[in-house]
Amino acid sequence: MKERHLGRSGLLVSRLGLGTMTWGQDTSPDEAAAQLIAFVEAGGTLVDTADVYNDGHSERILGHLLRELVDRDDLVVATKAAIRPNGRYDGSRRHLLRALDASLDRMDLDFVDLWQLHVYDPHTPLEETLSALDEAVSSGRARYVGVSNYAGWQVAKAAAWQRAWPGRAPVVSAQLEYSLLSRDIEREVVPAALDAGAGLLPWSPLGRGVLTGKYRTGIPAGSRAAAPHFAEFVQPYLDEECARIVESVVTAAEGLGCSPLAVALAWVRDREGVAAPIVGARTAAQLGAILASEEVTLPHEIRGALDDVSDLSDTTSHP
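Numbering (full-length UniProt numbering), first residue to last: 1 to 319.
Don't take every hint at face value.
Between beta-carbon pairs, the in silico distance windows are [what the hints assert, rightly or not]:
id, residue 1, residue 2, range
1, 140, 301, 45 to 51 Å
2, 311, 216, 20 to 26 Å
3, 307, 85, 49 to 55 Å
4, 160, 12, 22 to 28 Å
5, 299, 164, 40 to 46 Å
Source of the hints: derived by calculation from the structure; they are not laboratory data. Glycine included, every Cβ here is placed at the ideal spot set by N, Cα and C.
Model the full assembly from the supplied sequences, consistent with the hints where possible.
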């Protein structure tokens with residue numbers, strides 16, 4: 001797998017990242033182990049988790065696998081904080097640094113390579129929130145820092161604050177939803193990230209699974225849309241407008257002799273500013289299909305056609 005620099009930092013990451021949101025719930029520890037082995041064998045390095053994923057169980061599983069299966073030095077470990085277990089946003093210095101210490105304890109690590117603010121907390125002064133990033137880096141508990149789910153102005157403000165004084169930890173990444181079904185970040189977030197030198201880490205690059213084409217004729221048993229805890233997550237992309245985009249992806253895949261998944265992932269992977277889409281899979285078999293897309297590069301004509309069919313001015317904005 002090819003590598004890219006994360007934004008304008010010196011940190012190299014594989015151009016696909018492994019997401020672990022389902023680990024400990026829909027993905028068993030054994031399946032997680034099979035995924036991580038397959039990912040590393042394919043040349044993958046970036047593994048992304050968060051302190052709130054399944055009440056910290058995702059981090060515990062990753063930590064166990066780092067001890068038992070793979071060399072920690074072969075991976076770029078990324079995690080997040082700023083959401084309490086009850087769902088409340090908390091960007092206070094107190095909560096963030098306690099959360100980071102808890103993450104390190106669950107993974108049995110001395111440091112993480114990338115620590116990200118999971119959400120923007122409007123009730124805490126941004127300078128206080130960002131001071132936790134500086135402390136994390138200066139204390140050696142994190143090597144790099146980034147943000148997640150920030151609006152364009154929030155990315156710009158955070159990045160500018162961190163650049164304003166020597167010694168502050170620069171914002172090197174911005175993780176947000178981005179796919180052919182969700183291009184809203186192109187209006188403000190992408191320009192802000194490019195200006196700040198922050199690499200984009202798109203989550204749900206397959207449109208919450210819809211761009212694989214699996215929902216074209218209904219909701220398959222065992223799919224995320226059929227699961228009570230994921231149905232609301234997928235539902236916004238099961239409308240007619242999204243179906244039209246999915247059909248275009250399927251047509252492109254038929255012409256290229258590959259899967260719709262590969263087309264959708266290649267499209268977002270090679271967008272300007274993108275360092276690594278974060279791909280999540282429930283099983284190792286699903287991850288295998290994702291990893292196979294690494295060899296697919298979209299011809300200019302197909303990329304242009306997909307740009308047109310999913311253009312922001314022609315599609316309904318989705319959450």
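Given a hinted range of 45 to 51 Å, is it respected by the beta-carbon distance of residue 140 and residue 301? For residue 301 against residue 140, whose Cβ atoms are near 49 Å apart, the range 45 to 51 Å holds.
Does the Cβ pair residue 160, residue 12 satisfy 22 to 28 Å? 26 Å, holds
Per the hint of 20 to 26 Å, is the separation of the Cβ atoms of residue 311 and residue 216 within bounds? About 22 Å separates the Cβ atoms of residue 311 and residue 216, which means 20 to 26 Å holds.
Between residue 299 and residue 164, is the Cβ distance one that fits in 40 to 46 Å? Given range 40 to 46 Å: holds, Cβ gap about 43 Å.
Looking only at beta-carbon atoms, does the pair residue 307, residue 85 fall within the given range of 49 to 55 Å? 40 Å, violated
Of the numbered hints listed earlier, the single one contradicted by the structure is hint 3.
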